[in-house]
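**Q** Letter by letter, the chains look like this.
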Amino acid sequence: MLIINKQASPLQKWTLRAFIINFILLVGLSTFARLVFEHSHPGKAIVYLLSFLPALPVVGMVWVIGRYLSRETDEFVRMLSTNALLWALGVTMVVDTVLGALNQYNFLPGLLPVLNIEMFWITALIALHIQLWRNR
Amino acid sequence: MKNRLRVLRAERNWSQADLATRLEVSRQSVNAIETGRFDPSLPLAFKLARLFSTTIEQIFSDES
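Line order of the protein sequences matches chains A and B. Per this note's numbering, the very first residue in the first sequence carries number 36; after that it's consecutive. Per this note's numbering, the very first residue in the second sequence carries number 81; after that it's consecutive.
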């Protein structure tokens, strides 16, 4: 595939590397925040700080993707990337709405919380690869 | 939009990858333009015209 094989441009390789680093940071910081919440009783200021902590790599991810879209010179690949992001946005909003309604009316108590950001990026990656495969 | 990209490329014995390298785009882009799934921007259309030493109208034509 264009994004992850040797055909990838230096910009695509840089973007993928930076994105993965941010994703790992997101998982690490989310886990850290959850563990602190579960095993201690942090004060109000620490609670706010811990809540903002996992958002930092999300800002990083958005910046990395924004940088990529503004620098990608291949307009067709840029269009596929934008389409993939729109698909991800749509899927995330639909799933979020359905799960929100189910939770609100208590149809599915104990439903695992779905992390929007992970769902968004994974859907974007799948959508991008489907489009690249269709246009191979 | 119809185009004569495949013919022009074949006349020069270029593969899609060769043309993609000359245009500095991906092979998928060339394939998508050739098959009419993607219409290039004006700058890319001019680049194609320069590459084939012709005009944009000689490469692309309105289907209607």
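Treat each hint with caution, since some may be false.
Quick list of in silico lysine to any residue cross-link-like pairs, SDA-like style, CA-CA up to 20 Å [as the list claims (entries may be wrong)]: (1) A/Lys48 with B/Lys82; (2) B/Lys82 with A/Asn170; (3) A/Lys79 with A/Ser65; (4) B/Lys127 with B/Arg84; (5) A/Lys48 with B/Ala100; (6) B/Lys127 with B/Ala97; (7) A/Lys48 with A/Ser65; (8) B/Lys127 with A/Glu107; (9) B/Lys127 with A/Glu110; (10) B/Lys127 with A/Arg106; (11) B/Lys82 with B/Ala129; (12) B/Lys127 with A/Arg113; (13) A/Lys48 with A/Gln139; (14) B/Lys82 with B/Glu114; (15) B/Lys127 with A/Met114; (16) B/Lys82 with A/Arg106; (17) A/Lys79 with A/Leu64; (18) A/Lys48 with B/Ala129; (19) B/Lys127 with B/Asp142.
These aren't lab readings, by the way, just hints derived from the structure by calculation.
**Q** Next, verify each hint and record whether it holds.
**A** Cross-check of the supplied hints:
1. A/Lys48 with B/Lys82: The given pair, whose Cα atoms are some 34 Å apart, is violated under the 20 Å limit.
2. B/Lys82 with A/Asn170: At roughly 18 Å apart (the allowed maximum being 20 Å), A/Asn170 and B/Lys82 satisfy the hint.
3. A/Lys79 with A/Ser65: Holds: A/Lys79 and A/Ser65 sit about 18 Å apart, inside 20 Å.
4. B/Lys127 with B/Arg84: holds (15 Å)
5. A/Lys48 with B/Ala100: holds (19 Å)
6. B/Lys127 with B/Ala97: holds (16 Å)
7. A/Lys48 with A/Ser65: Roughly 26 Å between the alpha carbons, so the hint for A/Lys48 and A/Ser65 is violated.
8. B/Lys127 with A/Glu107: Within the cut-off at roughly 17 Å; holds.
9. B/Lys127 with A/Glu110: This hinted pair holds, its Cα atoms lying about 13 Å apart.
10. B/Lys127 with A/Arg106: holds (19 Å)
11. B/Lys82 with B/Ala129: holds (15 Å)
12. B/Lys127 with A/Arg113: Given pair B/Lys127, A/Arg113 holds - Cα atoms ~18 Å apart, limit 20 Å.
13. A/Lys48 with A/Gln139: violated (42 Å)
14. B/Lys82 with B/Glu114: Holds, at roughly 9 Å.
15. B/Lys127 with A/Met114: holds (19 Å)
16. B/Lys82 with A/Arg106: violated (29 Å)
17. A/Lys79 with A/Leu64: Holds, at roughly 18 Å.
18. A/Lys48 with B/Ala129: violated (31 Å)
19. B/Lys127 with B/Asp142: holds (19 Å)
In this structure, the hints that do not hold are numbers 1, 7, 13, 16, 18, in rising order.
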